[in-house]
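Asker: Here is what each chain is made of, one letter per residue.
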Amino acid sequence: MDKSINPGHSHRSSHVLEHTLHGISETLERALFAEEISAKPGLFQSLDARVKILTVLAFLLAVSFSKNLEIIAAIYLLALALALASSIPAGFFVKRVWLALPFFTGLIILPALFVTPGPVLLQVLPGLAITRTGAISSLFLLLRVSTSISLSLLLILTTPWNTVLSGLTVLRVPDVFILILGMTYRYIYLLLHTANDMFLSRKSRVVGWLDAGEDRRMLAAISGTLLAKSINMSSEVYLSMQSRGFRGSVVTLKPFKMQPRDWAWLAVFIGLAILAVVLGR
Amino acid sequence: MEHIIHNETNNKAAPNRVPSPPVIQPVFEVKQVSFAYDGKQLALENIDMVVQAGECLAILGANGCGKSTLLKLLDGLYFPISGSVTAFGQPLTEAALRNDEANFAFRRRVGLVFQDTDVQLFSPSVLDEVAFAPLQLGIPREEVTRRVESALEMLRIEKLRDRAPHRLSGGEKRRVALASVLTLNPDVWLLDEPTTGLDPRSQSWLVEFILQQRQVGKTVITATHDLVIAEQVATKIVVFNEDHRIEAAGQPQEILKNHDLLHRCNLSHYHNEVNAVHVDPVLAK
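Each protein sequence line maps, in turn, to chains Y and D. The first sequence begins at 111 in the working numbering and counts up one residue at a time. The second sequence begins at 63 in the working numbering and counts up one residue at a time.
Don't read these hints as lab results, they were simulated from the structure. Do not rely on the hints blindly, as some may be mistaken.
List time: in silico DSS-like cross-link candidates among lysine-lysine, alpha-carbon distance up to 27 Å [stated by the list, open to error]:
#1 K221(D) / K150(Y)
#2 K313(Y) / K339(Y)
#3 K339(Y) / K102(D)
Please take these sequences and the hints and turn them into a complete structure.
Answerer: Next up, the structure:
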């Protein structure tokens, strides 16, 4: 049993084990949830990955170029409609974007509301007022970010990650880069599982709470072991690739085949994105 | 090495003489091979062995005796610090494998299935994994597609084609790992601890697979410490001791009945030894 255990220690002490385990489980669950959705029948799931990538990219550009709030709002609603047509629960889709949004944009929006020069919209305190210009530019930022995240989420939730990567060929991303991204994603999972097992194994031998110093030592030991494992595994993986003919460049199967339906949807989506840019000028 | 595939013996018989039987080239010839990791940590010492075509060789040994290292040497991934390895009559050296043509010719003939399937399965999907080797080795895409379909069907993993390897069970991963080499249709299979982590049903399926490969004339070299699988598949056994040397080689019946040999090489134990494990009285409370 660990010498540093401290049953009488208050709950104020860092619960590193619980937090880390919770974080790892949450990440794994989230990935599992995304995989489940991508396997469901739905509009976006039925399309070729390249159509989805080009569509999302076109709408992201339209959102960036549009200077009209209604147009950006319309693209957000379209993303929401596409999510519903792709078996993504609306509540989850909306919450996932809007709950995380304040952390990303809050720091920029809050000062912008007050410091942007313009006519006063709301006097909060003497000498502190929200300006109309500040409110509008904040709203623009908020809508642009939320719509962009929604569009990206739509792609990620309806397409298995390996298919997204393979689809990147349409953007002329080199095959070797796609292979590296795919391997990174694949081995992050393996390391997450390994880390989870290591933390669980540690937890099973700890009673009470560890003090902060012991927590740090444990984290350092686990990180070091994980690093050593990953270095060892990377050299083994390289040998395995060499064994099957890898010589530095990669040849892929490229199994995608665009169907007439894919072309039709691509035309519709690109047409809508162009319309959004034109109307939003 | 350039002539690995078309390794024809120049056997011109003189007139009026009875033609001598064709010389059968061994698949591998290992002569006085030693290997050490980082030049210090000895993994193999003075290994001599010959593997004939069509042979099903089991390399038996305890953990850490150098079995996996030997397979990597036979696959041209590691190279000995002393001694030599010959593959299909040609020296298997780093310099020889630097040539793309020779490298590809060798890799098409020899397939290694790693012990850890997570090492073997590095691609983001099963389909990419199974297609990886033939694509890298320059086999045309139509032929690769045909081979992939055939391998998926043969190993009954068609339904897994779009799945990510990290979402598969141990047995499924092993099948995909085999499929990833099967698409090469190699002459020689190198299997490193193939039964690790498999349930009994998957183990018996694997034995069937190895026997099937043996039947069609493939050479199969299996590194294992599993005496049962060695008995089921091997036509010849080589036993490694814990000093990283070959302790014995021979027919399965002869080797597997030699309990002293197996015991000496840490491949079996006597029951009274288990009972003799010292139990600390404090821990036993």
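Asker: The structure should be examined with respect to each hint, and the outcome stated for every one.
Answerer: Evaluated hints:
About 16 Å separates the Cα atoms of K221(D) and K150(Y), which keeps this hinted pair within 27 Å; it holds. A distance of roughly 20 Å separates the Cα atoms of K313(Y) and K339(Y); the hinted pair therefore holds under the 27 Å criterion. In summary, the hint linking K339(Y) to K102(D) is supported, as the alpha carbons are separated by about 21 Å, within the 27 Å threshold.
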